[in-house]
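Peer 1: Residue strings, one per chain:
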Amino acid sequence: MNYSIEAENLNLWYGDFQALIDVNVKIPHGQITSLIGPSGCGKSTLLRCFNRVNERYGNVTTKGKIEVLGKNIYDADVSLPELRKAVGMVFQRPNPLPISVYENVLFGLRIHSPMRSMTRTESDQIVEESLTSVFLWQDLKDRLKTRATSLQLEQQQKLCIARLLPLKPKIILMDEPCSALDAKGTRAVEELMEVLAGTYTFIIVTHNMAQARRVSKECIFMFLGELIEHRETQVLFTDPKHEKTSDYVQMRYG
Amino acid sequence: MFTETPIDRRKRLTENVMRIFLLVVTTVMIIPLLLIIGYLLYKAIPILSFEFLFSNPRDNMRAGGIWAPFLGTIYLVVVSLLVSAPIGVFAAVYLNEYARENWFTRITNLAVVNLAGVPSIVHALFGVGAFVLFAGLGESILAASLTLAIMTLPVIIASTTEALKAVPMAFREACWNLGATRWQTIRRIVIPNSISGILTGVILQVSRAAGETAPIMFTGAVFYKAIAEGNLFAYNITEQCMALSLHLFTISTQVPDVTEGTPHGTAIVLVGSVLLVNAAAIVLRVYLRTRKKW
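Protein chains in written order, with my numbering: chain F, 24 to 277; chain R, 367 to 660.
Please note that a few of the clues may not be correct.
As the list claims (entries may be wrong) - Here are some of the chain F residues that sit facing chain R, going by a computed Cβ distance under 7 Å:
hint : residue
1    : R75
2    : V83
3    : A99
4    : V101
5    : M112
6    : N118
7    : I134
8    : P137
9    : R139
10   : R143
The set of hints was computed from the structure by calculation and includes no laboratory data. Ideal Cβ positions, reconstructed from N, Cα and C, are used throughout, including at glycine.
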């Protein structure tokens, strides 16, 4: 088995509060893994460790080891911009930048390449490819100059995924990517994930257990900062080993 | 059904009384402003002319125009903002975008708040000690402008911080997760989306810098100095200058037999220029706001 991410004895504190306790996890390559658990259990925190963006949020201490694609991301020679190119993130609330659709797609490339190093034809092609992969090209090809913040939420969220693709990421982290969307938008994003899953490794945090069952192959249950159970999704839902897991998946709390 | 109970009646009366009371208070507030401007204009109209604006005071400041103090005020305001605006904006960017919450930032923020509350005469004494004497600038436009800069700095830091805080955190997160450095995030997203607020904050300090008398009195403003009329480069920033606020004080209280209307004209030019600059700030803000939407 090939792993995209392997975390060993991962501990994390926000100030004095320990948000992750001895987390050990192996995320398989090229498929969708879901992270479930009650609010405040550390799902989002764990997700934000994988591209080390947690460190931007103030007083955070991390101990342990995380290997992404076989490389320990806490090694001194790891460049954070390079890590974040390979490990993209999609948020709960779609957060396109307040610039045009076109520039949103190219934003990542622009900040990682010297000024004016892209020709117009190259950038046009990249925008078309990226928007086509998320099924937005037909909708938006005549509106590339519109401000991305004025799109519908579903389009915004797809654009946020499209925006990662020019950087050729290997892993895409999704933090409740559908909770701001309606049923149609949710289904569209889920279908998109399924199409892209072979090419990219997805990790999705969700409060929607039906969604976890629908899209993910493996499922991780977390509780109060600890990783309780990590199994194949169908097994985790039908035959949970742990009492806390079965309570949660049967919605006795959460 | 649905008839008014005694309690409903009392609530309705209170509601009406409060509405009228608040309206009256609001109206009373703007009456003094209208009276001041109206009275000044009434007194100043006979004397206001290009001649008044572009000629120096004459006859021991009893007659003539206000060119020297007018240009002096422009110099003081421009030089002080050239110093305080960049320092204030960059400091605010550091405090808001880079600094972690720790003892250093807490002390800095405390200093900013307290500095904003220091009376201007204290800034004046600081200016005398620090710029005129210690730095050896002497009494000069430079020393006076630096004193004004120190005075406006904390407010610029505070207003810039407000403008930066108004940019949603989600935009920063989006940039960081694409691998942008803090500076790239600031330059490409945060500043373009807060520039209208930042500029408004800076421009509002024009009125403070133009209006203050105390900080410049001992550091660079003089009672009288004749300069080339109509020449925008008539002052040298290492020399002293006249200023509208000080000039107004002088001709109102220190000089006997001033031509009727001269002080009012001086005041109207001071108030008018400040209003003009503030209006420009509002126009600029409206323009920049139409370009930003989220």
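Peer 1: Each of the hints needs a verdict: does it hold here or not?
Peer 2: Going down the list of hints, with the structure as the test:
1. R75: Result: violated, 10 Å to nearest chain R Cβ.
2. V83: Violated. Min distance 10 Å.
3. A99: For F:A99, the interface hint is violated, since the closest Cβ of chain R sits about 18 Å away, which is over 7 Å.
4. V101: violated (12 Å)
5. M112: Result: holds, 4 Å to nearest chain R Cβ.
6. N118: Hint holds; F:N118 Cβ to chain R Cβ min 4 Å, cut 7 Å.
7. I134: holds (5 Å)
8. P137: violated (13 Å)
9. R139: violated (15 Å)
10. R143: violated (20 Å)
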